[in-house]
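Novice: From first to last, the protein sequence lines are chains A and B. The letter at position 128 of the first sequence is residue 218 when you use the numbering used here, and the numbering goes up by one with no holes. The letter at position 63 of the second sequence is residue 87 when you use the numbering used here, and the numbering goes up by one with no holes.
Honestly, I wouldn't trust all of these hints.
[Claimed, not checked] Ranges of calculated distance between the beta carbons of each label pair, as one might list FRET restraints:
#1 A:N150 with B:G51: 17 to 23 Å
#2 B:A61 with A:G269: 42 to 48 Å
#3 A:V221 with B:N65: 46 to 52 Å
#4 B:T100 with A:G269: 29 to 35 Å
#5 B:L28 with A:N150: 24 to 30 Å
#6 B:A61 with A:G268: 37 to 43 Å
[Said to hold, decoys possible] If the Cβ cut is set under 7 Å, some of the chain A residues that face chain B in the computed set are:
#7 T187
#8 I229
#9 L231
#10 K235
To be clear, the hints were calculated from the coordinates, so they are not data collected in a lab. Bear in mind the structure is a predicted one, so any value in this text is a computation, not a measurement. The beta carbon of each residue, even a glycine, is placed where N, CA and C say it ideally should be.
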Amino acid sequence: MWGFTRSIRSSSTATDRERREIESGLHSWAAAAGRASWIGRLFLAGFFAVGVVSTAAGQNIRPHYVSKAEADGTIYHTFPVTLFEHPEAGDLTFDITYKEHRTGRATLNFTCYSDESVPVDSVRFVSGRTVMAGPVAKIYLEPEKRGWKHRYTFEVDALLLCGFFDETALPEVTLHVGGQSRVYRVKRSAWRSYAPIGCRIFEMIRVNEAR
Amino acid sequence: MKKLLAGIFACAALLSVGCAKSPVVGGIYTDVKDGLAVTGNAGSSKVGTAEVKGYVGLVALGDASIQTAAREAGITRIHHVDYQTKSYVGVYTIYTIIVYGD
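Work the whole structure out from these sequences, hints included.
Specialist: Okay, structure coming up:
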């Protein structure tokens with residue numbers, strides 16, 4: 091879905107020449123599809139439906155989390171999102187799990203990549219005035235084609251999460267690895283899309299837990 | 025040639041809709057969650073996911089095994105497993121495994 095959102099946005103910033111090429115391509119494709127009678131029309135309608143459905147889904151929080159009611163409280167989980175990137179190390183993907191009536195702590199798991207197998211010591215998520223920092227626990231490291239894939243977990247105060255997803259902030263993630271720091275900066279457009287969703291999810295959790 | 029290509033793409037899209045793993049499949053849009061397995065282990069405090077993606081019914085990539093989803097969250101005792109299928113006209117399909125456990 092994110093891929094579709096990105097592709098729609100990138101097409102809106104195309105140059106005139108690219109736009110003309112796209113339009114001419116669509117015209118010729120539509121002409122061919124028209125000749126292919128109902129199959130072509132069905133396919134065109136399908137593409138239109140993809141655009142409508144993916145846009146509508148982007149404004150709804152339901153596709154971004156799952157919840158399950160259990161005997162000792164509901165468990166919530168946000169699907170992994172890639173909002174941060176480092177120019178050399180690449181993307182950082184994270185997901186959050188929260189279980190009601192525990193200690194008020196949420197579990198934030200994240201994946202990052204590195205040329206080296208040196209484990210991360212601690213992490214610091216900063217967004218506006220909200221700071222979530224602490225030592226991380228390693229889940230696994232595994233070699234990839236180039237470098238290593240790292241997976242870590244750490245616990246955060248769940249009350250901070252709604253404040254963390256501040257649409258107007260420019261958050262950063264700092265990883266501390268063997269005495270060195272690696273700063274991941276937010277992908278601004280991705281953050282503006284996701285931050286209101288993240289905030290609404292954790293606002294919903296807070297309201298439900300308080301009942 | 026263009027007619028042939030349009031036909032191939034339409035057939036591929038329709039074929040991939042039929043291949044989406046779901047108890048109910050929508051021809052234009054599918055967003056379905058379903059249960060896959062339940063164990064005798066009690067409770068869950070961790071959730072792990074893994075997914076595969078398919079494009080135009082021609083290319084499919086990923087690892088949506090239960091083992092991978094459990095490993096993503098450090099789960100060693102699985103409580104139950106759900107899955108979610110999303111499909112947009114069969115052009116773009118996502119299959120996600122969701123593992124709950126401790």
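Novice: Now tell me if each hint is right for this structure.
Specialist: Cross-check of the supplied hints:
1. A:N150 with B:G51: 17 to 23 Å: 21 Å, holds
2. B:A61 with A:G269: 42 to 48 Å: Cβ of A61 of chain B to Cβ of G269 of chain A: about 45 Å, so the range 42 to 48 Å holds.
3. A:V221 with B:N65: 46 to 52 Å: 36 Å, violated
4. B:T100 with A:G269: 29 to 35 Å: 32 Å, holds
5. B:L28 with A:N150: 24 to 30 Å: At 38 Å between Cβs, range violated.
6. B:A61 with A:G268: 37 to 43 Å: Hint holds: Cβ distance 41 Å, inside 37 to 43 Å.
7. T187: 5 Å, holds
8. I229: For I229 of chain A, the interface hint holds, since the closest Cβ of chain B sits about 5 Å away, which is under 7 Å.
9. L231: 12 Å, violated
10. K235: 14 Å, violated
The earlier numbered hints that this structure contradicts are 3, 5, 9 and 10.
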